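Given the structure of chain U, go ahead and fit chain F onto it with the hints provided.
Protein chains: 2
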Amino acid sequence: MNIITVSREFGSGGRELGKRVADLLGYDYYDSEIISAIAQNSGLDPEYVETTLDNHGWQYFPISFGGTMHSVNYIDASRIEMLVQQKKVIEQIAALGKNCVIIGRNADAILKEYKPFSIFVCADREAKIARCRARAREDEKLTDRELVRKMKEIDKARARTRDFLTGSEWGKCDSYHLTVNTSDWDIKALAAAVCAFAEKWFESNA
Amino acid sequence: MNIITVSREFGSGGRELGKRVADLLGYDYYDSEIISAIAQNSGLDPEYVETTLDNHGWQYFPISFGGTMHSVNYIDASRIEMLVQQKKVIEQIAALGKNCVIIGRNADAILKEYKPFSIFVCADREAKIARCRARAREDEKLTDRELVRKMKEIDKARARTRDFLTGSEWGKCDSYHLTVNTSDWDIKALAAAVCAFAEKWFESNA
Chain U
-4 MNIITVSREF GSGGRELGKR VADLLGYDYY DSEIISAIAQ NSGLDPEYVE
46 TTLDNHGWQY FPISFGGTMH SVNYIDASRI EMLVQQKKVI EQIAALGKNC
96 VIIGRNADAI LKEYKPFSIF VCADREAKIA RCRARAREDE KLTDRELVRK
146 MKEIDKARAR TRDFLTGSEW GKCDSYHLTV NTSDWDIKAL AAAVCAFAEK
196 WFESNA
Chain F
-4 MNIITVSREF GSGGRELGKR VADLLGYDYY DSEIISAIAQ NSGLDPEYVE
46 TTLDNHGWQY FPISFGGTMH SVNYIDASRI EMLVQQKKVI EQIAALGKNC
96 VIIGRNADAI LKEYKPFSIF VCADREAKIA RCRARAREDE KLTDRELVRK
146 MKEIDKARAR TRDFLTGSEW GKCDSYHLTV NTSDWDIKAL AAAVCAFAEK
196 WFESNA
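So the protein sequences, as listed, match chains U and F.
Using our numbering, the first residue of the first sequence is number -4, and each one after it goes up by one.
Using our numbering, the first residue of the second sequence is number -4, and each one after it goes up by one.
Be a bit skeptical, because a hint or two may be false.
[Stated by the list, open to error] Chain U is faced by these chain F residues, among others (derived, beta-carbon under 10 Å): (1) A32; (2) A34; (3) R120; (4) L137; (5) D169; (6) S178; (7) D181; (8) A184.
Hint data in this document are derived by calculation from the structure and do not stem from the laboratory.
In this text, all values refer to a predicted model and were calculated from it rather than measured experimentally.
Beta carbons are placed, not taken as given, at the ideal position from N, Cα and C, and that holds for glycine.
Chain U with its partners taken away, still in its complex shape (with noise of 0.2 Å):
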């Protein structure tokens, strides 16, 4: 069984780049499938598991020792549950024994024992400033400032997050076995180099 797992930047195109890959190799794809996955075994409302888990809460509670602690704990732990129950969900994906991408959620940690290959994504500033433009209507609103400062928001939390639960440095290019950069590519063609360097991991790996 083959793994490949897509950490990324936020407006890099990583997610893009793994649907195409997975199309490319037809392999199986997971992303909103582990949410809703979540949210059917717990009973919670999808959008709520998936706001918890990306650890927006966090940003607007200050996190100190002080007298905030109450509501910080109660994020936390409902947090934590989440995300054990989200490596639950990773760890059923893994074992069904079918090639699949991942995005996200720390999957290439999670399943170490089969030896992902594992995917950074990354661009430019400039790059994922017109790359979020060109997506997202919400985005329009924000002037270029606001848009890079919530990329960083978004980028922090996963970081965050990846040292929380792996102890592995988020986005450095000794935690992934491949970093790719696809400010000057055409994602679908940056999609079939990616496919046939993964190819020759596997091969290399059988």
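Okay, now just chain F, sitting in the frame of chain U:
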């Protein structure tokens, strides 16, 4: 004409990877050849050229704005002159119009207009230590701690030179098209994977 540039962490195997990629693709290969050309053009000793360019002098000279200014300035001036000569040699290589792989020396930034395919090569600490131990006899005398310090000093000098010359950050994923981690690879197999990826890049930029 296709140009591949290889930047790398000390001990990551970037040089071997570059050589193998050049051999597999039938490209010319430039590494110490650049030093020889500078030495020949300037009538200087190749070892002196290499040491000056590699910036090893700096680590023994505290850069201060006090009494040691003169010696720092001297080193700095001869080094900058050599960096200019190095740039010229790299431009001459590109002007030959032949497919090639160039190791280090910020060739990706110098030859930007040729749209080179730029690679950064890294590895985790343990893999780099093991590689240094297997290669260099002189490193056998060093403790792991001393070896790690040596690796860090060399990488820091490379980072400083890149920053000084290009304004783009050494080792940061969005400064290159592709970043590969050699830790879990046989370099021969990795070279084949890099070639497959690079070919897609040149196809899509033809």
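Hints, one by one, checked against the model:
no.: 1; hint: A32; result: violated, 30 Å
no.: 2; hint: A34; result: violated, 33 Å
no.: 3; hint: R120; result: holds, 8 Å
no.: 4; hint: L137; result: violated, 21 Å
no.: 5; hint: D169; result: holds, 4 Å
no.: 6; hint: S178; result: holds, 7 Å
no.: 7; hint: D181; result: holds, 6 Å
no.: 8; hint: A184; result: holds, 4 Å
Checked against the numbered hints listed earlier, the structure breaks hints 1, 2 and 4; every other hint is satisfied.
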